[in-house]
Structures are given as structure tokens and as C-alpha cells.
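Peer 1: Okay, here's what each chain looks like letter by letter:
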Amino acid sequence: MLPARAVLSRPTSPAEGPRAAPSVLQLVGNTPLVEMRKLRDGVPPGIRLFGKLEGFNPGGSVKDRPALRMIEDGLARGRLVPGKTILDSTSGNTGIALAMVGAALGYPVELVMPSNVSKERKQVVAAFGAKAVYSDPLEGSDGAIRLCRKILAESPDRYFKPDQYNNPANSLAHYETTGPEIWRQTEGRVTHFVAGIGTGGTIMGTGRYLKEQNPAVQVIAAEPEDAFHGLEGLKHMASSIVPGIYHENEHDLKVGISTEEAYNMVYRLGREEGLLLGQSCGAAYLAALGIARTLREGTIVVLFPDFGDRYLSTNLWVGWQKLGEARP
Amino acid sequence: MVQVKVPTPLRKYTGGAGGVEAQGGTVAALVDDLERRYPGLKERICDESGQVRRFVNIFVNGEDIRFLKHLETPLKAGDELSIVPAIAGGR
Numbered sequence: 003m004l005p006a007r008a009v010l011s012r013p014t015s016p017a018e019g020p021r022a023a024p025s026v027l028q029l030v031g032n033t034p035l036v037e038m039r040k041l042r043d044g045v046p047p048g049i050r051l052f053g054k055l056e057g058f059n060p061g062g063s064v065k066d067r068p069a070l071r072m073i074e075d076g077l078a079r080g081r082l083v084p085g086k087t088i089l090d091s092t093s094g095n096t097g098i099a100l101a102m103v104g105a106a107l108g109y110p111v112e113l114v115m116p117s118n119v120s121k122e123r124k125q126v127v128a129a130f131g132a133k134a135v136y137s138d139p140l141e142g143s144d145g146a147i148r149l150c151r152k153i154l155a156e157s158p159d160r161y162f163k164p165d166q167y168n169n170p171a172n173s174l175a176h177y178e179t180t181g182p183e184i185w186r187q188t189e190g191r192v193t194h195f196v197a198g199i200g201t202g203g204t205i206m207g208t209g210r211y212l213k214e215q216n217p218a219v220q221v222i223a224a225e226p227e228d229a230f231h232g233l234e235g236l237k238h239m240a241s242s243i244v245p246g247i248y249h250e251n252e253h254d255l256k257v258g259i260s261t262e263e264a265y266n267m268v269y270r271l272g273r274e275e276g277l278l279l280g281q282s283c284g285a286a287y288l289a290a291l292g293i294a295r296t297l298r299e300g301t302i303v304v305l306f307p308d309f310g311d312r313y314l315s316t317n318l319w320v321g322w323q324k325l326g327e328a329r330p
Numbered sequence: 006m007v008q009v010k011v012p013t014p015l016r017k018y019t020g021g022a023g024g025v026e027a028q029g030g031t032v033a034a035l036v037d038d039l040e041r042r043y044p045g046l047k048e049r050i051c052d053e054s055g056q057v058r059r060f061v062n063i064f065v066n067g068e069d070i071r072f073l074k075h076l077e078t079p080l081k082a083g084d085e086l087s088i089v090p091a092i093a094g095g096r
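These protein sequences, in sequence, are chains W and U. Read in order, the letters of the first sequence are residues 3 to 330 in the numbering used here. Read in order, the letters of the second sequence are residues 6 to 96 in the numbering used here.
Just so you know, these hints were derived from the structure itself, not from any lab. Glycine included, C-beta positions come from ideal geometry on N, C-alpha and C. Some clues are possibly wrong.
Claimed, not checked - Chain W regions said to be covered by chain U (calculated; three or more residues, Cβ under 8 angstroms):
#	segment
1	140-146
2	258-268
3	288-297
What the hints assert, rightly or not - List time: in silico PhoX-like cross-link candidates among lysine-lysine, alpha-carbon distance up to 25 angstroms:
#	chain 1	residue 1	chain 2	residue 2
4	U	Lys-47	U	Lys-10
5	W	Lys-133	W	Lys-152
6	U	Lys-74	U	Lys-17
7	W	Lys-152	U	Lys-81
8	W	Lys-124	W	Lys-152
9	W	Lys-152	W	Lys-86
10	U	Lys-47	U	Lys-17
11	U	Lys-74	W	Lys-121
12	U	Lys-74	U	Lys-47
13	U	Lys-47	W	Lys-121
14	W	Lys-121	W	Lys-133
15	W	Lys-256	U	Lys-17
Unchecked claim - Not close to chain W: a few residues of chain U, all C-beta gaps over 12 angstroms, as computed:
#	residue
16	Gly-20
17	Glu-26
18	Ala-34
19	Glu-40
20	Arg-42
21	Val-65
22	Lys-81
23	Asp-84
For reference, chain W alone in the conformation it holds in the complex (with noise of 0.2 angstroms):
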């Protein structure tokens, strides 16, 4: 049972929540940080365990950061003008972010993506206007990458590309944002930071933040454990095309982890914590705990990159099972 003080504690008073926004823009970010209680799986009573909840986005998930600063990064610089569409590839969150500031800033959006992303995905991009343009199901999201190359190759002039995989203000917009969160969140307590890795951004930015207040924050990336895996988002580095702003040895340690595991732990967490996440989320808390058992003591924040909402029709709920019936 959770102390009765954290059962019964309000949420934020009307008279002290924030004020209106100018735009959908200025909600990005400022996420909250959540207590981890139940679900913690013999991990010492000296850890405290907390999840950095990135679905509260406007856009749903973490990538309305990288989206944000990347678009900003190229105003600023001039490589996005007026007449202009914003192009990548992207097998989902980050499509939807740059489809949102797209939106919310007035500029045409083109996304490569594998046909055999979620349909949600598909529908969502499709409702903030932009243009998907399909790739192979069977090459992956590599395969989008390399189909997006061509089309910018095709017409260099009519595109603005933010390229999550190697442009700085990818992992830039965590060292500004995503990093301070939490040092504040935390005030200053935190000693590990885990989060899953797909282009790398967040683990890079927010653990360089981290590590600049204190190095002795370790930080974790979560990978899935082979390169045949179903844990949407994430890349196993070693079997992919390496994004340009990840660096191994920023990080401490790298955790493989089995997607069947991390299917399981999204269904505990929503029974036993009332967290309904993605399957990312899943992975980067198996990591978490993994690491928290090692321990005595410490802080360790996790990232949730979404909301599991968005995979309902995925393999993740639909067609091995009924729902109702999700295994322990």
C-alpha cells in the first residue's frame, strides 16, 4: 500500500497551475516526474525509483523536443524558409512531433516511414496534415532512411531536413531541457539516468547534462538484446546504421534487453503501477530495475518516452492475446 499522504495528495492547486500558452509550442517539455512504488521487484528500500513521463508532451512522446529545437535550429540558420516542407524519416513519435510544429508553425511536412508502422501512427500524421510516403516493411528503418536520402537527393532545394540522426540540436534540445527537468526534479539527488536508445538524442544530451552538475551520474542505455526485436523506437546499435550524434562512450553501461521481457513489464505497469506506456518504456524500466538491484542506494530516473495508447493495435495488445487476458 502506498502512505496514505501520497494516496491522498492533490493534484497541483487551480490557483498555482500554469497560465495559458501563447502556442502549443510553449508545452513542450516540463514533463513530470513520477514516484515509482509497487512495482519494484526486490530492488533495496534505499532506491528511489522515479519515471520521467514524456507522454505529457502536446505532441505524446519525447520527440516533441529533438522536433522542436531542430525546426528552431533551422529558422534560426536560414535552411528553413518559407516554400519549404520539412522531410525525414521517422518510424513514428518523431513524425508526429514535426507533423504538430509543423502545423503550429505553418510549414508543409513529407515523413518516410515503414508501412508496418502502427495505424495510430499513420492516422495521427495523417490528421496533423502531413504527407507520409511508405518504405519497405522488410529493410526497416533503415530502409527509411535510405529512401528519404533519395527523395532529397531528387530535389535538395524544395526540403528542410532535420536529420534526427545526426543533428546536434537532436541531443541539444535534452542538454537544455530534459536534463535540467530532472537535475531541478530531483533537486540535485539524482544518480542514474536510464533511457532506451534510437537515435541516441536523449541518453546523449540529457546524461552530458547530468553529468556536467555531477560526474558521478551514471547513465544506462536500454537496446533491445538482438537486431530481430519488436521494441518500437529503439535500435540495436551494432546490427544498424549508427546515428551521427551517438557516442558510446558517453554512457556508462548498455543493457540489452529481450523484447518478450519488455512486452511483460508494459503489462505490470499498467496493472500494478497505473502507467499505461509504450514498449520502450517497458525496456527502459527493466534496466532500471536491473540496475537498481545492484545498489544500496541511489536515485534512479528513468525516461518514458510515451504513452502506450498509441500501440493498441499493435502486436504488443492485438492477436496473441484477448484483452483482459495480458500475462503477468
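Position chain U against the provided structure of chain W, taking the given hints into account.
Peer 2: Okay, now just chain U, sitting in the frame of chain W:
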């Protein structure tokens, strides 16, 4: 023979080939034949209990076998079977 389309991460088992041939009257039999031809492949597709892994999609002529007869979905010569991970990777 059934034409089998193999995704990039599994091509290390097929000598780099994205399309191979195998035989079997059902998807289960075909997966066993694939294992004989390309050892190690079955373990990537099926779990310890022999069921298709949750994140793996198998399509027969474009139809998801989850909505056919799962591993007992019948196959005939000339069919096309695709093995597709449920997601793409990369954000």
C-alpha cells in the same frame, strides 16, 4: 515451393538473401524446413513453446496468419510468405 521474404535482421541466416525458397504444407512445416536449410532461423521466429513470437508477423500472400489459422495456415506451391518484425526500429 513457397517464396519466403526475409527481413534484413534475419538475412545473416540466409547468407544475405532477402528472398529464399522452402517447402511445407503449413506455416509450421515451412518454418521447420527453413530451419533445416538455414539453421538458427526458427528460434528467431518462434519461442521455446513453438509459438510465433509476439512481435513477429507472418503474412501469407499478404494475409496475417493471426487472422488465418496461425501456424496451421495451409500453404501451396507458389504462395508467398513474408516474415516482418512488428515494428521498424529507430524513432
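Peer 1: Now tell me if each hint is right for this structure.
Peer 2: Hints and how they fare:
| no. | hint | in the structure |
| --- | --- | --- |
| 1 | 140-146 | holds (count 7) |
| 2 | 258-268 | holds (count 3) |
| 3 | 288-297 | violated (count 0) |
| 4 | Lys-47/U <-> Lys-10/U | holds (14 angstroms) |
| 5 | Lys-133/W <-> Lys-152/W | holds (17 angstroms) |
| 6 | Lys-74/U <-> Lys-17/U | violated (29 angstroms) |
| 7 | Lys-152/W <-> Lys-81/U | violated (38 angstroms) |
| 8 | Lys-124/W <-> Lys-152/W | holds (21 angstroms) |
| 9 | Lys-152/W <-> Lys-86/W | holds (17 angstroms) |
| 10 | Lys-47/U <-> Lys-17/U | holds (13 angstroms) |
| 11 | Lys-74/U <-> Lys-121/W | holds (23 angstroms) |
| 12 | Lys-74/U <-> Lys-47/U | holds (19 angstroms) |
| 13 | Lys-47/U <-> Lys-121/W | violated (28 angstroms) |
| 14 | Lys-121/W <-> Lys-133/W | holds (15 angstroms) |
| 15 | Lys-256/W <-> Lys-17/U | holds (23 angstroms) |
| 16 | Gly-20 | holds (16 angstroms) |
| 17 | Glu-26 | holds (16 angstroms) |
| 18 | Ala-34 | holds (21 angstroms) |
| 19 | Glu-40 | holds (15 angstroms) |
| 20 | Arg-42 | holds (18 angstroms) |
| 21 | Val-65 | holds (15 angstroms) |
| 22 | Lys-81 | holds (23 angstroms) |
| 23 | Asp-84 | holds (17 angstroms) |
Violated hints for the displayed structure, listed by number in ascending order: 3, 6, 7, 13.
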